[in-house]
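So the chains spell out like this:
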Amino acid sequence: MDTDQLIRTLAADNAYRARPIGLALMLALLAAAPVSLLIFFAELGVRPDVMTAMHNPFFDLKFAVTLALAASAIAVSLHLSRPEASLRSFGWWLLIPAGILVAAISGEMMMPQRTPMMTRLIGKNSMACMTAIPAMSLPLLVGALYGLRQGAPARPAVAGAVAGLLCAGLAATVYASHCTDDSPLFVATWYTLATAIVASVGALMGKRALRY
Amino acid sequence: MREREDEWTDLMRSAISGDDAAYHRLLKAITPVLRAAARRGLARAGQPVDQSEDIVQDILLAVHLKRQTWDANAPFAPWLFAIARNKLIDALRRRGKRIFVNIDDFAETLPGETPEPTASPSEVTAQLQALPARQRDVLQSIAVDSASIKDTAAKFSMTEGAVRVALHRGLASLTTKLRDR
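In the order they appear, the protein sequences are chains A and B. If you're matching positions, the first sequence starts at 18 in our numbering and goes up one per residue. If you're matching positions, the second sequence starts at 624 in our numbering and goes up one per residue.
Treat the hints with caution; some may be incorrect.
Part of the chain A face toward chain B, derived, beta carbon under 8 Å [stated by the list, open to error]:
# : residue
1 : Arg64
2 : His96
3 : Pro100
Selected chain A positions facing chain B (in silico; Cβ < 7 Å) [claimed, not checked]:
#  : residue
4  : Thr20
5  : Leu23
6  : Ala28
7  : Ala29
8  : Asn31
9  : Tyr33
10 : Ala35
11 : Leu95
12 : Ser98
13 : Arg99
14 : His195
15 : Asp199
By construction, these hints were calculated from the structure, which means they are not laboratory data. Beta carbons: idealized from backbone N, C-alpha and C, even for Gly.
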């Protein structure tokens, strides 16, 4: 097939319309979400004192951090799915959850505490956090990468890592309702480690899956 | 240069709103620019420039299948050159060369700088043979025999919709085969 013939063939396929990437990503995440929720309800479940916990601002702040991570990573993921895009213009969005976390830590520091700092940081659920967030992220990550294959990222590994952040943010949002450790120090340590694991897996998977 | 790129943007907008002829013209217009840049990239990597046509075809397929990532409010050329650069780097890497490809290679290229290539069996042609029979027949009918979708549908007693599906799937799996070869 010479180039003129190829061009004629491509022009004949002009009527084809691919699904917009935002929609493809959303549908793929919705398809994967039941699997993650199943893991959550089968293995963990919501903490029993959730009604009282909701009045604790540090419990609520966990959701602010994880949802900010998920939302900013969605925006950056969609941006990075374009071939000419780079992290330079939009990457700072990913600092928003980190900013909320830093503000929460300073807030907690200023309040009188009954337990010492290291006890709050180490908490009781560090191992659960480190396994549950990656485990619940994995189905979402497979879905997200599938949806993002519609895109054409310049650097597939970077795009995959951001997809990992997105899924870790969503998984951590659900996990936060189980975890009884509400200190921002705990969140900054263990949630961050779990998120880093998922982002690394995302980078490795994205490197292959998101090539175009 | 500016004018040329504005024209491309207009053509692409028309193409997306359903103008097949505009799309054909756009692909024709960008091809010499892509060809010249591919030859330059190969020459700089010390590779024979006669492989440039495979790279051009790779780029055209990617442009086609990733059109939805172009923002119709943005200029077309930077998007095109980003895809072209990615595909050129990919092609050179596959040949075991790591070189820096400058985006200006594309932006500064004038069409008509290089001669039309002499016909040689391309990698696309080779991969075409590996497609499922239905997709291969439809692609061949449209590409080689320059039949319309309608004629192709009549020839294989398919509906026009089925021809369109086979055509698009054929192009998509062709691209996958080229990428993973």
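- Query: Looking at the structure, which of the earlier hints fail to hold?
  - Reply: Violated: hints 1, 2, 11, 14 and 15.
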